[in-house]
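**Q** Going down the list, the protein sequences come from chains V and X.
Taking our numbering, the leading residue of the first sequence gets 56, the next gets one more, and so forth.
Taking our numbering, the leading residue of the second sequence gets 302, the next gets one more, and so forth.
Be careful, since some hints might not be right.
What the hints assert, rightly or not - Label pairs and their calculated CB-CB ranges:
id: 1; chain 1: V; residue 1: T86; chain 2: X; residue 2: D333; range: 33 to 41 Å
id: 2; chain 1: X; residue 1: L321; chain 2: V; residue 2: Q222; range: 44 to 52 Å
id: 3; chain 1: V; residue 1: A273; chain 2: X; residue 2: K391; range: 17 to 25 Å
What the hints assert, rightly or not - Which bits of chain X does chain V cover? Going by a derived footprint, with three or more residues having C-beta under 8 Å, they are:
id: 4; segment: 307-320
id: 5; segment: 343-356
These aren't lab readings, by the way, just hints derived from the structure by calculation.
Model, not experiment: these values are computed from the prediction.
Quick reminder that beta carbons are idealized off the backbone N, C-alpha and C, glycines included.
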Amino acid sequence: MHRTGELYGQFETLEQQKESAQLGMWVFLVTEVLFFGGLFLTYAVNRHLYFTAFGIAGNMLDLRYGATNTVVLIASSFTMAMSVWAAQTSRKKLLPFCLILTLLLGGVFLGIKYVEYKQKFDHHLIPGHSFDLTYHVNHPQPGDDAKELAAEREEIDNAARHEDPSQPENGLIALNAHAQLYFSLYFGMTGLHALHMVVGAGLLIWVIRESLKGRFSAAYNTPIEIVGLYWHFVDVVWIYLFALLYLINRHAV
Amino acid sequence: MSERVVSPKIYIVILLALLLGTYATVQAALRDFGRWNIVIALAIASIKAILVILYFMHARYSPKRTQLVIVCAAFWLIILLALTATDYAKRSSDQSRLTPANSLYRS
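Based on the provided sequences and hints, a complete structural model is requested.
**A** Here it is as structure tokens:
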């Protein structure tokens, strides 16, 4: 990305220079599509192989957190799009305002993600030594929905009994193993997505500082557009993560 | 410069469409449509993604060669997913209940 608004030697016009920067960003985003695509594929294959376990594990995510975060991220994409418009029309006060709003919404997203991860930690749903699918139903906390927990317990019991009617505890061991696979993918995919958000926040801080110096205008706004492309891409990834991790397992058991 | 400036009106319409899509997909997920649940969820997600790419990311107003790069990304992703699916579609589904309980898992 060129750092100033003037024409570099290898380009004929400023327009060509800007289009080249955009094309370069899109080529990078193609590599990102295939990077996340591999993870989506891993998830799809394992969901196919361990359908029941993934259904039970997927039901343990809180739809409210996921839906709220989707709305927050869509709103931040909108404020980012407005930033591009503000830059293109030389609105030098509106631009930093829209960018700061985008950064704040990104922060809200990561804050909610923190609360959600913490809850999974409390419910012993972190893959590893202490992982226990039945921990939450056996240790209800104040404020939990008793009906929901009873349904969860029934789901787990049914699946375990289906495996081995005489020794359901063996079925539970298999379920726990495969549910860990779900949560490994959940933390891996949402964690990588959150890492992209952190990188995006860093880029936003950079363009906010530059925009406060009044560097961007109708004549030069390439960095705003490029950061915008990145931010919207991260939004697109989340739209699919929300559908795959939170939504499609609700009735899968 | 001759670049296209997308008006905030379009951005607001897209924002509302995305919020509506989110509401619809959550409502659909809470109802039992059997095997159609996954189809509905992925269809709505794809519509939302296409709206973001076309309007927020300006793909609709981009030069042809940029659009070609975007189409290539979708094409390669579909090859990756579809060819793998042809393999796994032939294997038995749901090993959750078939796998022998292995004491190694107990840790």
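**Q** Please go over all the hints and tell whether each is borne out by the structure.
**A** Here's how the hints hold up against the structure:
1. At roughly 39 Å, the beta-carbon separation of V/T86 and X/D333 lies within the given 33 to 41 Å, and the hint holds.
2. Range check, X/L321 to V/Q222: Cβ separation about 49 Å, and the 44 to 52 Å hint holds.
3. The given range of 17 to 25 Å is broken by V/A273 and X/K391, whose C-beta atoms sit roughly 57 Å from each other.
4. Restraint check on the segment 307-320 of chain X versus chain V: 9 residues with Cβ-Cβ distances below 8 Å, three needed, restraint holds.
5. Counting residues of the segment 343-356 of chain X whose beta carbon lies closer than 8 Å to any beta carbon of chain V gives 8, which meets the minimum of three for the stated coverage.
The structure shown violates just one earlier hint, number 3.
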